[in-house]
Amino acid sequence: MTTHSKVRQTLACLEGAKATMDVYGEISQDEQARKIFHRNSQKLDLVLDRLKKRVRDLEFEEPQFKGF
815 MTTHSKVRQT LACLEGAKAT MDVYGEISQD EQARKIFHRN SQKLDLVLDR
865 LKKRVRDLEF EEPQFKGF
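Using the numbering used here, read the sequence shown as starting at 815 and increasing by one per residue.
Everything labelled a hint here was simulated from the structure, so no lab data went into it. Do not rely on the hints blindly, as some may be mistaken.
Computed Cβ-Cβ distance ranges for the label pairs, DEER-style [stated by the list, open to error]: (1) VAL837 to GLU875: 27 to 37 angstroms; (2) ALA847 to GLN878: 42 to 52 angstroms; (3) LYS867 to ASP836: 19 to 29 angstroms; (4) GLU845 to SER819: 36 to 46 angstroms; (5) ARG853 to GLU876: 16 to 26 angstroms; (6) ARG853 to THR816: 26 to 36 angstroms; (7) LYS867 to MET815: 14 to 24 angstroms.
Note that CB positions come from ideal geometry on N, CA and C, so glycine has one too.
Make a model of the complete structure from these sequences and hints.
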């Protein structure tokens with residue numbers, strides 16, 4: 815498995831985790847839990863932005879991976 819595919823796999827997993835947190839934040843009855851889920855979702859947004867930038871950098875450095 816290449817570095818590019820590992821980074822893409824990590825990106826997909828984190829996007830899934832963020833989606834799950836968003837759903838839990840919406841269905842949670844407890845206001846404190848909602849805030850925690852929302853705050854953690856925002857933190858994951860920052861990580862996802864950085865990881866997406868890294869994927870773009872990898873694709874620029876290794877054009878054969880573009881679009882995978």
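Taking the hints in turn, this is what the structure says about them:
The beta-carbon spacing between VAL837 and GLU875, approximately 35 angstroms, falls within the hinted interval of 27 to 37 angstroms. Here the CB-CB span from ALA847 to GLN878 is close to 44 angstroms, well matched to the stated 42 to 52 angstroms. In this structure, LYS867 and ASP836 meet the distance hint of 19 to 29 angstroms, their C-beta atoms being roughly 22 angstroms apart. Our hint of 36 to 46 angstroms for GLU845 and SER819 holds, since their Cβ atoms are close to 40 angstroms apart.
Between ARG853 and GLU876 the beta carbons are some 35 angstroms apart, a value that contradicts the proposed interval 16 to 26 angstroms. Distance hint for ARG853 and THR816: a CB-CB separation of about 34 angstroms, consistent with the stated range 26 to 36 angstroms. The beta-carbon spacing between LYS867 and MET815, approximately 21 angstroms, falls within the hinted interval of 14 to 24 angstroms.
The earlier numbered hint that this structure contradicts is number 5, and it is the only one.
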